[in-house]
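**Q** Using the sequences and the accompanying hints, generate a full structural model.
If you read the protein sequences in the order shown, they are chains A and B. Reminder that position 87 of the first sequence reads as 129 in my numbering, one-by-one numbering, no gaps. Reminder that position 106 of the second sequence reads as 114 in my numbering, one-by-one numbering, no gaps.
Quick caveat, the hints were computed from the structure, so don't treat them as lab data. Check each hint, because a few of them may be wrong.
Keeping only pairs whose Cα atoms sit at most 30 Å apart, straight-line, the calculated DSS-like set for lysine-lysine is [what the hints assert, rightly or not]: (1) A/Lys231 to A/Lys242; (2) A/Lys44 to B/Lys120; (3) B/Lys209 to A/Lys355; (4) A/Lys242 to A/Lys51.
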Amino acid sequence: MKLRHLILKEVWQRPTPMLTSLIAVTLGVMALVAIQNITIYSEDRINSDMESLGANVLVMPPEVTLQDYYAADLHGRTMPEEYVTRLALAQLPGVQNLAPKLCVETTVNSREVTLTGILPKNEFQKKSAWQGLGMLTNAVGSDRGCCATPATLDADNSPESLAHTRTIQELGERELILGSDVAAQLNAKVGKKLTLFDEKFNVIAVLPATGTIDDSRMFAHLHSVQDLSGAGPVVNVIEIMACCDDAAGDLISDLSAELPETRVITIAQVVETQVAVNGLMSRLSWVFFAILLLVAAASIASVMYANVTERRKEIGTLMALGATRGFVTSLFLGKALLLGIMGGIGGFIAGTILAIVLGPSLLGIQVSPIPQLFLIGILSATAVALAASYLPARRAAGLDPCLVFNDA
Amino acid sequence: MYQLESVSQTYVRRGNTVHALDNCSLTIPENDFVAIVGPSGSGKTTLLSVLGGMLSPTSGNVELDGVSLYGLSLEERASLRNRRIGFVFQTFNLVPWLTARENVQIPMMLSKVPAKEQQERALELLERVGLADRTDHRPAELSQGQQQRVALARTLANNPEIILADEPTGNLDPETRKQAMNFLREFHEDGRTIVMVTHDKETASYAQRSIQLVNGVPQELAHRNAA
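**A** Given below as structure tokens:
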């Protein structure tokens with residue numbers, strides 16, 4: 043028999059007094075785990091939504107006003123392509139991807155179409171090789187660790203990825219990607235040759251329908267569009283994909299400082315609102331956690347004091363038989379440790395189940411267990427249980443062993 | 009073994025000073041069996057607490073085998089009790105949620121005896137007090153006499169040299185009282201020193217000698233042998 047046997051046996055034989063405290067600790071951890079879990083997955087969802095939106099910051103010539111997010115490159119104003127390089131070299135925290143665009147009108151098979159020049163990502167890598175820099179070999183900015191979740195831009199390098207990420211890994215000078223509507227109008231399929239500006243272009247992909255203006259566009263290499271249209275090294279817009287937190291924070295001022303000659307526009311209201319809601323939920327979860335753990339601490343202290351009073355004779359007997367003050371303290375703190383661990387585990391399981399159930403129904407998000415919350419829950423619950431039991435344990439250790447005698 | 013020199017213990021209760029022990033000098037040699045008798049409030053339990061190293065006297069010196077008991081630290085006295093002193097209580101003081109065997113194991117657990125050895129020794133001791141068939145019973149499932157026998161087995165767990173007994177028969181009927189006292193006599197015959205506090209003259213008669221405490225002052229009584 044050892045100390046832990048004595049603790050476990052007492053809790054097992056007389057569980058009722060500890061139940062209230064256990065429930066309070068469990069509820070505290072459960073509130074934290076459930077709300078944090080939903081918040082974290084909600085942030086992931088926002089990031090994912092932003093990613094599917096393609097960009098959440100636009101850099102445009104100063105005289106342009108934004109009427110339509112998806113038509114931000116149709117204003118006819120231009121700015122130097124060199125700005126893209128400046129932004130890339132600035133390595134601003136929060137910038138995950140840069141997508142410069144130039145739109146020109148042209149005709150194909152007697153039909154007027156909008157041709158959009160885009161810069162594939164391998165162009166950034168070429169630039170870094172020319173300049174002996176390693177900073178652009180990864181996705182732009184993604185190596186800065188600014189986002190809560192890493193960007194997944196490189197996961198899909200197919201031309202179709204343009205439909206949802208608005209970027210593409212590689213694009214040849216005479217290659218063409220068609221939006222779904224324009225492909226249907228021209229009856230064009232992959233492998234077909236189309237003539238633009240008297241040059242033959244090979245259709246390498248037809249994008250799936252997105253429900254946006256992109257469906258009626260053709261996409262070619264930015265430098266080909268610049269050369270063939272005679273526009274020179276300019277772009278209409280630089281779309282920037284940025285982390286939500288940064289887009290709502292310092293990034294815009296950083297971008298404005300880097301490119302004072304431009305106008306920087308963000309869908310800040312959306313981003314800020316979503317980030318604020320998440321922040322509020324996160325803070326609320328800590329408030330609930332703190333309140334419930336305080337209640338738990340009060341309950342534990344009260345139950346422990348009662349336990350010490352109830353077990354005075356038993357403690358005195360143990361001391362008469364040779365138990366030291368340290369042993370008696372350990373007896374009560376051991377019980378508190380058990381309570382904290384049980385509350386932490388119970389709270390994590392209950393909180394995770396609650397999040398898994400409520401996540402899809404309240405916010406339409408899928409939630410999975412988060413191991414870090416297990417650690418936070420169990421450590422906090424244990425610390426609170428130990429702190430609340432410390433004084434009762436000291437009181438037990440300070441009992442007069444003479445109380446074991448008959449008339450003491 | 010025990011040497012008490014001018015030991016006094018005073019309490020202040022409701023503004024009045026009570027002399028539980030008053031300049032008490034006493035010698036208890038090795039393998040003695042002494043009964044401390046006296047009316048309630050005469051200081052019997054205080055004397056037992058002082059002998060057990062649990063109550064530091066207001067003045068005077070208490071020596072055990074030449075070592076000042078209260079010159080030791082709290083931890084050292086706890087360790088000494090665990091190794092050298094066994095206690096028998098009037099209300100048995102068994103831990104209610106432990107079995108008879110586990111109750112007997114407590115002193116061995118405190119002295120960190122390996123679990124297997126604890127179990128073997130506990131079973132052996134329970135067998136000695138006639139409770140081999142009650143080892144897994146909790147105190148509430150045992151009679152008063154059986155509970156006191158479990159407590160007696162627990163007393164012997166670490167094979168102590170000294171047994172301090174506080175009214176060991178106070179809660180027992182005449183038959184079980186006799187049984188308990190026969191066990192204590194056996195323990196004395198094993199070579200142990202026994203100091204027993206009792207109200208009961210018949211119980212006291214099992215001792216080799218009796219000391220009466222009157223207002224905290226010990227007086228040796230004429231010896232009367234047990235039946």
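**Q** Given the hinted pair A/Lys44 and B/Lys120, is their Cα-Cα distance within 30 Å?
**A** holds, 8 Å
**Q** Going straight from one Cα to the other, do A/Lys231 and A/Lys242 come out at no more than 30 Å?
**A** Measuring from Cα to Cα gives roughly 15 Å; hence the hint holds.
**Q** Need the status of pair B/Lys209, A/Lys355: alpha-carbon distance at most 30 Å?
**A** Given that 30 Å is the threshold and the Cα spacing comes to 28 Å, the pair holds.
**Q** Is it true that the CA of A/Lys242 sits at most 30 Å from the CA of A/Lys51?
**A** Since the Cα atoms of A/Lys242 and A/Lys51 sit roughly 85 Å apart, the hinted pair is violated (cutoff 30 Å).
Comparing the model with each earlier hint shows a violation of hint 4 alone; every other hint is respected.
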